[in-house]
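Position chain B against the provided structure of chain A, taking the given hints into account.
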Amino acid sequence: MSGAKDDVILRMKDLKINIKVDEGILTVVRGVDMEIRRGETVGLVGESGCGKSLTSKAILGINDKKCKAEGQILFDAEGTGMVDLLSLKPRGKEIRAIRGKQISMIFQEPMVAFSPMYTIGNQINEATLLHITKDRKKAKEISLDVMKKVGIANAEKRYDQYPHEFSGGMLQRALIAMALVCSPKLLIADEPTTALDVTIQAQILELMKTLQKDFGMSILFITHDLGIVARMCDTVAVMYLGRIVECASAVEIYGNPMHPYTQGLLGSVHKIGTKGQKRLFSIDGTVPLALNLPKGCGFYERCSKRIDGVCNVHDPRLTDLGDGHRVACFACTGCPGKEGSVHE
Amino acid sequence: MLKYVGKRVLLFIPTLLIISVLIFFIIQLPPGDYVTSYVAAMAAEGEIFTPEQIEGLRAQFGLDDPWYVQYFNWMKGIITRGDFGYSFEYGRGVWSVIMDRLYLTLAVSFVILVFQYVVSLPIGIYCANHQYSVGDYALSFIGFIGTATPNFLLAIIIMYIIYIRTGNVYLGLFSTEMLQNGMRWEYVPEFLGRCLIPILVIGTSGTCGIIRTVRAQMLDEQARQYTLTARAKGCSEAAITYKYCLRAALNPVVSGLAGSLRTIFSGSTVSAIVMNLAIQGPVLLAALKSQDMYLAGTIVLIQAVLVLVGTLLSDIALAWLDPRIRFSERG
Chain A
4 MSGAKDDVIL RMKDLKINIK VDEGILTVVR GVDMEIRRGE TVGLVGESGC
54 GKSLTSKAIL GINDKKCKAE GQILFDAEGT GMVDLLSLKP RGKEIRAIRG
104 KQISMIFQEP MVAFSPMYTI GNQINEATLL HITKDRKKAK EISLDVMKKV
154 GIANAEKRYD QYPHEFSGGM LQRALIAMAL VCSPKLLIAD EPTTALDVTI
204 QAQILELMKT LQKDFGMSIL FITHDLGIVA RMCDTVAVMY LGRIVECASA
254 VEIYGNPMHP YTQGLLGSVH KIGTKGQKRL FSIDGTVPLA LNLPKGCGFY
304 ERCSKRIDGV CNVHDPRLTD LGDGHRVACF ACTGCPGKEG SVHE
Chain B
6 MLKYVGKRVL LFIPTLLIIS VLIFFIIQLP PGDYVTSYVA AMAAEGEIFT
56 PEQIEGLRAQ FGLDDPWYVQ YFNWMKGIIT RGDFGYSFEY GRGVWSVIMD
106 RLYLTLAVSF VILVFQYVVS LPIGIYCANH QYSVGDYALS FIGFIGTATP
156 NFLLAIIIMY IIYIRTGNVY LGLFSTEMLQ NGMRWEYVPE FLGRCLIPIL
206 VIGTSGTCGI IRTVRAQMLD EQARQYTLTA RAKGCSEAAI TYKYCLRAAL
256 NPVVSGLAGS LRTIFSGSTV SAIVMNLAIQ GPVLLAALKS QDMYLAGTIV
306 LIQAVLVLVG TLLSDIALAW LDPRIRFSER G
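Protein chains in written order, with this note's numbering: chain A, 4 to 347; chain B, 6 to 336.
So here's chain A without its partners, still in its complex pose (with noise of 0.2 Å):
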């Protein structure tokens, strides 16, 4: 899980995401630091709206025109070594390179992420095409043998359908199919099994373990599903409206939460064998818009911990606790007035 420090394949510092909207600018990423290591899953969670999806978008660059990216995105590409990927121009060579080959994402909703005018083999063999040989039969070669790794049954009659023919599941495999074709170092997977039923779901993820083994890739697994997240990931990074709130092992995330936002969603799981509590736990008041955010602590207005005088006029930065168990939060690290704990 950790290895040296030089295995760490990417690294995001204080990543900041602006959208213009007509009301002005909203910050929804918020500053974000991350790493991940070569064959480590990490599990980026949150709730709707917080920042998970566009964080891992401006990976790949691939943010609508109207999300301002900064800070910086360095992937430990093949080859050239680090580079800052929100250097490269988002429409350029250099990108193009890296994504799909070296980055790849699978998405959320399989029924939609094909284009429906095209068969599951010709979307399947353009990365390969673009990335690995130009030679037509070697590629289709690679696909089949792709799609019979994620378990896709008559892969060569498969090949040849077009997405309305397959269902979902098969869809999700089909996807992981094509994301794989050219093994990235690094694969992102954004909520893969949110649109698939239980079953399909448990079938998706045991089938991302085994692969994730055989390739050797890492992933950034994102989610809101907690559940997903003990199952798959080492580390887990907590999300709450454009930060990261909290970052540790997954061990650690589950075993001693810090973060009252934490607990809150781990508290707001139900758990099969739970006796004496009826209602779940839920977290009170909703979450603040991006816009003209209140200084202070994101989750201020919602927190059970809150101080007063301190959360509300300071802003919390991860703090590592020394285990490695990172968290943004006064009423875990102390007050400010201890150096680095605060930015204002």
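Any given hint could turn out to be false.
[As the list claims (entries may be wrong)] What the simulated footprint calls covered on chain A by chain B, stretch by stretch (three residues with Cβ under 8 Å from a Cβ of chain B suffice, anywhere in the stretch; the number is not a length):
#1 90-102
#2 105-119
[Stated by the list, open to error] Straight-line alpha carbon distances no greater than 30 Å define the calculated BS3-like cross-link-like pairs of lysine-lysine that follow:
#3 A/K69 / B/K248
#4 A/K16 / A/K71
#5 A/K143 / A/K212
#6 A/K141 / B/K248
#7 A/K160 / A/K141
#8 A/K212 / A/K141
#9 A/K160 / B/K8
#10 B/K248 / A/K140
#11 A/K137 / B/K248
#12 B/K248 / A/K96
#13 A/K141 / A/K216
#14 A/K96 / A/K23
#15 A/K160 / B/K248
#16 A/K92 / B/K248
#17 B/K248 / A/K71
#18 B/K248 / A/K152
Since the hints were made in silico from the structure, they are not lab data.
Backbone N, C-alpha and C define an ideal beta-carbon position, used for all residues, glycine too.
Leaving out everything else, chain B in the frame of chain A:
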């Protein structure tokens, strides 16, 4: 697929029969008939017919029979002899009147159709790819003006400008010399120049419509998830535009082709009159006005056939374009 096409073609027969009855019924609906309008026209020139002469004309043209008998005779002629009836106005067979102008009409309309698509597709794609840019606004502005301006008005404006600039009036496709001496090579540039006006005038309105459609469709497609998937795969923007977006955006454009076939045949009536083009549209208008019923009926009937054929062709094209349609046809 063949079976499907065969079925559709067989369906043409009852459809056309119903349409032809309707056409005939509607054309003879206005009070009076060709003889009435002929007598009125002659009276205006000072020639007065006696009631006996008028009756004689009626009997000669078979206009005394009730309309369904006339319809039946007309249909019988078409089916058994390929005879589309007699044009009172021209004093000869309807078919030969139509053939007079057929080639020119087809040529002009076809060039206009090609012009429309060649111009509008790239502009539509450009506007979508550069949404809200200066170029997009400028082209959209021109597009709206083009859609909103009636063709005949545009024709008059262009002819006026040409007259002011050159002192020549370019009416029709052929100059007087061309008509007198027949076509010669030295006339070709002028002929092409004369063609340009109707192409611009009749072409623009359709062009603007297609630009708007293509632009809106392309924008829709660009927002789709699969566009993002393609981008995440490392596809170039050109591949995304042409392979993914344009292919899907073409659906409504292809459906629109169905109506174009009819327009190709008859051309644009009002603009053709303004520009003095010898194409089919003005003939139809004149035939309707003078109640030259067989001529009018035949032209409208041919238009109906072309609409049917056009619809079939565009359905086939759609099935070829979009695999989802292709497969649902089998079921």
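The hints, checked one at a time:
Residues of the segment 90-102 of chain A with a Cβ under 8 Å from some Cβ of chain B number 5, which satisfies the need for three, so the listed coverage holds. For a cut-off of 8 Å, the count of residues in the segment 105-119 of chain A with a CB near a CB of chain B stands at 9, and the three-residue condition holds. Note on A/K69 and B/K248: the hinted pairing holds, with a Cα-Cα distance of about 24 Å set against a maximum of 30 Å. With a CA separation close to 15 Å, the supplied pair A/K16 and A/K71 stays within the 30 Å bound.
At most 30 Å may separate the alpha-carbon atoms for a hinted pair to count; A/K143 and A/K212 meet this at roughly 25 Å. With a C-alpha separation of about 22 Å, the suggested pair A/K141 and B/K248 falls inside the 30 Å cut-off, and the hint holds. Using a Cα cut-off of 30 Å, the hinted pair A/K160 and A/K141 holds, with the two alpha carbons roughly 17 Å apart. Among the hinted pairs, A/K212 with A/K141 is consistent with the structure: their alpha-carbon atoms are about 27 Å apart, no more than 30 Å.
Simply put, A/K160 and B/K8 have alpha-carbon atoms about 25 Å apart, close enough for the 30 Å limit, and the pair holds. With a C-alpha separation of about 20 Å, the suggested pair B/K248 and A/K140 falls inside the 30 Å cut-off, and the hint holds. Taken as a hint, the A/K137 and B/K248 pair is honoured in the structure, with Cα atoms around 18 Å apart against an allowance of 30 Å. Proposed proximity of B/K248 and A/K96 is supported: the alpha carbons are some 18 Å apart, at most 30 Å.
A distance of roughly 24 Å separates the Cα atoms of A/K141 and A/K216; the hinted pair therefore holds under the 30 Å criterion. Taken as a hint, the A/K96 and A/K23 pair is honoured in the structure, with Cα atoms around 26 Å apart against an allowance of 30 Å. The hinted pair formed by A/K160 and B/K248 meets the criterion: a straight-line CA distance of about 23 Å does not exceed 30 Å. In summary, the hint linking A/K92 to B/K248 is supported, as the alpha carbons are separated by about 22 Å, within the 30 Å threshold.
Proposed proximity of B/K248 and A/K71 is supported: the alpha carbons are some 27 Å apart, at most 30 Å. Restraint check for B/K248 and A/K152: satisfied, since their Cα atoms lie roughly 28 Å apart, inside the 30 Å limit.
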